[in-house]
Amino acid sequence: MIPELGHFALVVALLLALTQGILPLIGAHRGNATLMGVARPAAQGQFVFVLFAFGCLAWSFLNGDFSVENVARNSHSQLPEIFRFTATWGSHEGSLLLWTLILSFWTVAVTVFSRHLPEDMASRVIGVMGLVSVGFLAFMLVTSNPFLRLIPVPPDGSDLNPLLQDMGMVIHPPMLYMGYVGFSVAFAFAIAALLSGKLDVAWARWSRPWTTVAWMFLTMGTALGSWWAYYELGWGGWWFWDPTENASFMPWLAGTALIHSLAVTEKRGAFKSWTVLLAILAFSLSLLGTFLVRSGVLSSVHAFATDPGRGVFILAFLGVVIGGSLALYAWRAPRLMTGGAFSWFSREALLLGNNVLLLAALGSVLLGTLYPLFMDALGLGKISVGPPYFNAVFIPLISPVLFLIGVGPLARWKQASLPDMVSRLKWAFAVALIVAIILPFTAGGMNLMATLGLFLALWILFTILIGFAERLKNAQGSLMQKLSSLPRGYWGMQIAHAGLAVGVIGATVVSNFESERDVRMNVGDHVELAGYRFTFQGVKEVPGPNYVAGRGTIEVEKSGSKFVLHPEKRIYNASGMPMTEAGIDYGVFRDVYVSLGEQLENGAWTVKVYHKPFVDWLWGGAFLLALGGALAASDRRYRIALRKAEKASDKLAAKGATA
Amino acid sequence: MKRWIPLIIFAVLAGFLYVGLYLNPREVPSPFIGKPAPKFVLPVIGQPGTTFSPEQAKGKVWLLNIWAPWCVSCRAEHSFLMQLAQSGISIYGLNWKDKDREAEALLNQKGSPYIVTVDDLDGRVGIDFGVTGTPETFVIDQSGIIRMKHVGPIDEAVWKKKFEPLLGKLEKST
Amino acid sequence: MKLAVLLFAFALAAPALAEVAAPNADDPVVEARINKLGEDLRCLVCQNESLSGSRADLAEDLRREMREQMNAGKNDAEVISYLTDRYGDFVLYRPPFKPVTYLLWLGPVIFLAIGGTIWYVTLKRRRKMQDQIQPDSEALKKAAALLEQ
Numbered sequence: 020m021i022p023e024l025g026h027f028a029l030v031v032a033l034l035l036a037l038t039q040g041i042l043p044l045i046g047a048h049r050g051n052a053t054l055m056g057v058a059r060p061a062a063q064g065q066f067v068f069v070l071f072a073f074g075c076l077a078w079s080f081l082n083g084d085f086s087v088e089n090v091a092r093n094s095h096s097q098l099p100e101i102f103r104f105t106a107t108w109g110s111h112e113g114s115l116l117l118w119t120l121i122l123s124f125w126t127v128a129v130t131v132f133s134r135h136l137p138e139d140m141a142s143r144v145i146g147v148m149g150l151v152s153v154g155f156l157a158f159m160l161v162t163s164n165p166f167l168r169l170i171p172v173p174p175d176g177s178d179l180n181p182l183l184q185d186m187g188m189v190i191h192p193p194m195l196y197m198g199y200v201g202f203s204v205a206f207a208f209a210i211a212a213l214l215s216g217k218l219d220v221a222w223a224r225w226s227r228p229w230t231t232v233a234w235m236f237l238t239m240g241t242a243l244g245s246w247w248a249y250y251e252l253g254w255g256g257w258w259f260w261d262p263t264e265n266a267s268f269m270p271w272l273a274g275t276a277l278i279h280s281l282a283v284t285e286k287r288g289a290f291k292s293w294t295v296l297l298a299i300l301a302f303s304l305s306l307l308g309t310f311l312v313r314s315g316v317l318s319s320v321h322a323f324a325t326d327p328g329r330g331v332f333i334l335a336f337l338g339v340v341i342g343g344s345l346a347l348y349a350w351r352a353p354r355l356m357t358g359g360a361f362s363w364f365s366r367e368a369l370l371l372g373n374n375v376l377l378l379a380a381l382g383s384v385l386l387g388t389l390y391p392l393f394m395d396a397l398g399l400g401k402i403s404v405g406p407p408y409f410n411a412v413f414i415p416l417i418s419p420v421l422f423l424i425g426v427g428p429l430a431r432w433k434q435a436s437l438p439d440m441v442s443r444l445k446w447a448f449a450v451a452l453i454v455a456i457i458l459p460f461t462a463g464g465m466n467l468m469a470t471l472g473l474f475l476a477l478w479i480l481f482t483i484l485i486g487f488a489e490r491l492k493n494a495q496g497s498l499m500q501k502l503s504s505l506p507r508g509y510w511g512m513q514i515a516h517a518g519l520a521v522g523v524i525g526a527t528v529v530s531n532f533e534s535e536r537d538v539r540m541n542v543g544d545h546v547e548l549a550g551y552r553f554t555f556q557g558v559k560e561v562p563g564p565n566y567v568a569g570r571g572t573i574e575v576e577k578s579g580s581k582f583v584l585h586p587e588k589r590i591y592n593a594s595g596m597p598m599t600e601a602g603i604d605y606g607v608f609r610d611v612y613v614s615l616g617e618q619l620e621n622g623a624w625t626v627k628v629y630h631k632p633f634v635d636w637l638w639g640g641a642f643l644l645a646l647g648g649a650l651a652a653s654d655r656r657y658r659i660a661l662r663k664a665e666k667a668s669d670k671l672a673a674k675g676a677t678a
Numbered sequence: 013m014k015r016w017i018p019l020i021i022f023a024v025l026a027g028f029l030y031v032g033l034y035l036n037p038r039e040v041p042s043p044f045i046g047k048p049a050p051k052f053v054l055p056v057i058g059q060p061g062t063t064f065s066p067e068q069a070k071g072k073v074w075l076l077n078i079w080a081p082w083c084v085s086c087r088a089e090h091s092f093l094m095q096l097a098q099s100g101i102s103i104y105g106l107n108w109k110d111k112d113r114e115a116e117a118l119l120n121q122k123g124s125p126y127i128v129t130v131d132d133l134d135g136r137v138g139i140d141f142g143v144t145g146t147p148e149t150f151v152i153d154q155s156g157i158i159r160m161k162h163v164g165p166i167d168e169a170v171w172k173k174k175f176e177p178l179l180g181k182l183e184k185s186t
Numbered sequence: 025m026k027l028a029v030l031l032f033a034f035a036l037a038a039p040a041l042a043e044v045a046a047p048n049a050d051d052p053v054v055e056a057r058i059n060k061l062g063e064d065l066r067c068l069v070c071q072n073e074s075l076s077g078s079r080a081d082l083a084e085d086l087r088r089e090m091r092e093q094m095n096a097g098k099n100d101a102e103v104i105s106y107l108t109d110r111y112g113d114f115v116l117y118r119p120p121f122k123p124v125t126y127l128l129w130l131g132p133v134i135f136l137a138i139g140g141t142i143w144y145v146t147l148k149r150r151r152k153m154q155d156q157i158q159p160d161s162e163a164l165k166k167a168a169a170l171l172e173q
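Protein chains in written order, with our numbering: chain R, 20 to 678; chain X, 13 to 186; chain L, 25 to 173.
In short, the hints are calculated from the structure, not lab data.
Hints should not be assumed to be uniformly reliable.
To be verified - Under the rule of at most 25 angstroms between Cα atoms (straight-line distance), these lysine to any residue pairs were calculated in the SDA-like manner: (1) X:LYS51 / X:GLU39; (2) L:LYS60 / R:TRP246; (3) R:LYS401 / L:CYS70.
No experiment lies behind these values; they were computed from the predicted model shown.
The shape of chain R in the complex, shown without the other chains (with noise of 0.2 angstroms):
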């Protein structure tokens, strides 16, 4: 009964989201204030039934209902509560009710806070919003139905894949798919502003909080999703540009492009059809990200069970979305030409720089991701593109970018002077790069690529601090009311930034200076590395809530600490799936890693062990830059456009009360 209602709510769902995206779009054209009143409305009215179609799976899950073909499939009766729950986006189907529920959810979200907008322009938002609805669900209930049924009902469930089977489940996929889809809002804004001709600075203003969250999500969701990956997977690697990776990095790379060039049009007016194109291509790559997973089209780790039928519908809808959306910016994008002037040495110019090297980035990884298909579907043969190609292509094209930061924020708006900015910088450049090279020597020698990153890193936190203080200089007052003084947006955009140096203090340091050993162990051996000793004291079998263990005890110790971990190698009761639990002791300024490999005769194993200094700044740095973010769109300026429409609508009423 349960799945029936829930699929019946997505019926009503697609219906309320065609409401949703056809009348308000027409209305917004037309002028009518009846039909643009819809807008609010049906959206919400889709939420609660997407929201309870959520809950009716939700609920098939967490109580075994095995005759729901996708709970048979990806659940298990042994399986613990909270991954019964987190089960319910573990598959294809699941994962895009997953999808459509944020959607209505950030649909919602606008409804709310966009009543300091004009009316035509909030209902061209959420008129857009709702087409995009529409498609996803009817995806859905055409070709991925959640709620089939299974007959004969199976007598218990295939289990969920063992590498979903933990907390990276329960926040990963929300959080990165809440960035993803948070960009489907500046693309709608996009769209209206092309459907209505008009783009001003005010626009910026109302699109630029909704994409910083979005961005600030989408950091959020990448980055667990590689810190998910470094201790689940056993080997302790990070970033493997793989094709689902790169599904998240584009976008994200876009979206970054995005918020600085929506910073330009706010301040300055320029760059508006910059802007919309990039607020496009964002939410395309998004889109296009969810086809490459779901399509069979490449080969990942990460993919869904593939079928081509599938794909056919999302290249359609793909089709219509980017295509349409393209096709409207063609003709519609001569109106936005304007801006004020800039001169090539100015804020403008180096933030129009930055966008496009991130865009010379974002094509490189695209090529990549893609040129094995492109030979495939021309008949050249078939090659693999993996890491050796990303980061030949990528590091090179991201240093300047680096080092751009550390002298945009430092520039005026139209007009700086480039000399006047080596003498303020000249110094942060000396030692940056002094440090940078010396640094190196203290653990081995001379190494270039640890130098780059670490001079590109320091470089950016120097000019960092002398933001800082060449602003505190004119301000009044103590040094914590300067401080306090400074609007959230450059507090926001100077933690970012930091987090950006922080993180790549990380990836420098621990892609160069990480070190492993692979030894034999017999139960009471040592291994020495990096000053520590690994002393293994056995594998216990301990049997798990849906697994049998071979827990693992290996004690360490340097000069004075000492701790425990407990690697694990794992048998999955259902599946028979074996999988490897790293034992991981996490520190500030290293990671030590452990991992179990083969069981030999007597009690012995084959264990690794692994040094991997730095590693947390990488997380450290993408939490930082997150925060930077939400501290951005908090900013006075947005809170106060949203308080003011507050009172003008509380005036309207009371007026009309006493009327």
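Since the structure of chain R is already known, use the hints to place chains X and L on it.
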């Protein structure tokens, strides 16, 4: 004019993506097409003391079928291979990484479509042929040149579409 | 007393019985080469993993072959051709630089060139706008006078 560029790029991309839907990104193409079959000498299963080498099959068109007792898809194609063998197609088998030594018993039980099947216990010859899994089938011509590699089980449809035309062409050119 | 001394001596000797763990590989130098090369090679039976990272059967076999080749004195390039002769370029995660991949390797350079051109052209246009808007000193004086009032 340049405002149409993003749309054009997307259209081209979409075209490739469409074609890609019908390709298999994990199928490894063989670099041996048109090249001589790698040399090997392996013991024959069921005939202790005997060995087989591709040299011995020169002069005719034959199939080399890579299979294993533990391979489920191989069992699916077994009956079709029996049909082919009965209709006169020369099929030789390569028993790939059969650690549990089940091949002989299995063939005795279900019948063997192979003129002989050789034992590649450590998988080395398989690697020499670029094998990544089972079943895989190579078509080798009269002079020992590999003409085609098929990944996956052979059934009626696959035979008619891929093998029959090729074999027809090769037989004629004798 | 003797027993105590004996036990004491035994206790001291016990740690010496537990050994320093032996490397898993017979020849760590060769192993290090295999790991390094293997990072840039594809595990052919995995969805998307490197030959070094994979625990799949075929991956073990291929590493074994690489080990034999290296022990027989082959250098890195020869070991790699051993694999590409059998599996084609698909096994390489670093695409070779061939006519069919020129576009792949030169693509980023082309993107950068296009981007640079856009940057340059946009800036020229903006600077021209600036030059045109530059008010002349006459107008400035007039404006100043107006403001004074």
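Straight-line alpha-carbon gap R:LYS401 to L:CYS70, limit 25 angstroms: 16 angstroms, holds
Pairwise hint evaluation, X:GLU39 against X:LYS51, where the allowed Cα distance is 25 angstroms at most: Since the Cα atoms of X:LYS51 and X:GLU39 sit roughly 24 angstroms apart, the hinted pair holds (cutoff 25 angstroms).
Pairwise hint evaluation, R:TRP246 against L:LYS60, where the allowed Cα distance is 25 angstroms at most: 23 angstroms, holds
Violated hints for the displayed structure: none, as all numbered hints are satisfied.
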